[in-house]
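Hey, can you work out the whole structure from these sequences and the hints?
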Amino acid sequence: MIGALLAALLAAQAQDLHLAPPEGERTRWISPENPTGAKGQGARENRGGKGHAFETIPVGGSHTLADIKGAGVIDRIWMTIEDRSPEALRGLHLQMFWDGAATPAVSAPLGDFFLHGAGEMTAMETALFASPEARSFVSYATMPFRRGARIVVTNGSGKPVNLIFFDVNYREVERQPDNALYFHAWWSRDRATALGRDFRILPRIRGRGRFLGTSVTVLTNPVYEKTWWGEGEVKIALDGDRTDAPTLVGTGTEDYIGTAWGQGAYAHRYQGAPIATWEGEGRWTFYRFHVPDPVWFRQDVEVSLQQMGGARKAIVQGLQKKGASLIPVTIDPGSRNNFQQLLTNGKKLDDPSLPDGHTNYYRSDDVAAVAYFYLDRPENGLPAITAPAERMAVIRRPPPPKPRQDQ
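No gaps in the numbering here: position 224 of the sequence shown is 224 in the UniProt record's numbering, and each next residue is one more.
The set of hints was computed from the structure by calculation and includes no laboratory data. Don't take every hint at face value.
As the list claims (entries may be wrong) - Listed below are the simulated DSS-like cross-link pairs for lysine-lysine, each with C-alpha atoms no more than 25 Å apart in a straight line:
no., residue 1, residue 2
1, K347, K321
2, K226, K322
3, K39, K50
4, K347, K322
5, K226, K321
6, K226, K348
7, K39, K69
8, K348, K322
9, K348, K321
Written out as structure tokens, the structure reads:
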């Protein structure tokens, strides 16, 4: 299947450099200098002297980056824009359509799709996405199609995109194997998650495929001050699981992305947190790609993230007294001995029989996520993403750079 192929390609790419080109495959690039990718049709303007290296997208307008006919595989997408503000990262809408489908398989804000959901670009190199110097967007995700592919960027940022440079690198192939899956990505946001209700990274979809991973952005609710927000567990319901009884369950948000005891800023191959800061107001973007540890589904899948924080019991009690909306969940005195399951025993935090310790509690934050997955069909049936005004609402800007010491 294509997910296994992706893992194999990442592991063995260097070993294949000496091999002759496969029969029936032809390399093509689409860019403003060759908008169709056709053989011998590049660099046709200004006598080949960089006559058409970029495009412009007016406010409310769209530009089709690629419109490919026939079977092929997109191996790499690169682009850059001159305005990389929070409004541009959330306001530009990236869509991809496979095989002439009426609805997109990929639908996400440009920034969130490329791991920049917190309104700030950072330099990174991961297995699937990269931004070498925090000025470009690169995708290495394998994207096969059987009859055609169309990639569109729509400008809902409220400002013109005066300069967008891009190229789409793909291979024409004679046909796809029967078990090749289509690449999908879907974004959603809840500006105030409901107490005790998990955020759905991926609502239940039906079909056969692979959950490839997610990029999540959390803007913390100031009513909880600077208490830790990431105690929630990732849950994945597979092949008929009830939502409240999934097969795959983690142990905490930072645990899911491979770190522990909190979450700092880092970017690794399959997991990371490019943005992790309390400066200004809390902003966090983190990701996990299930490349070495595939998550297969054969009937359906649903992925969710608990909305839970934690702090010492006295601090949580203090938040309650200040009027913060929360529901205590557990108290951990430092071991399983005397561990308190408050949702089961019904005790309140002021109960004198309760021990002191780390207290987990349900909370409400602004959460957005992109779910990346492969599916055995070009359409996924998920809702359209929200309008630009809603996507850009309550954007948190990174703090201005600190002045240099010698100034």
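Evaluated hints:
1. K347 with K321: 17 Å, holds
2. K226 with K322: With Cα atoms ~14 Å apart, K226 and K322 stay inside 25 Å; holds.
3. K39 with K50: Satisfied, since the Cα-Cα distance of roughly 18 Å is no more than 25 Å.
4. K347 with K322: Holds, at about 20 Å.
5. K226 with K321: Given pair K226, K321 holds - Cα atoms ~16 Å apart, limit 25 Å.
6. K226 with K348: 23 Å, holds
7. K39 with K69: 14 Å, holds
8. K348 with K322: 16 Å, holds
9. K348 with K321: 13 Å, holds
Every hint, counting from the list given before, is met by this structure.
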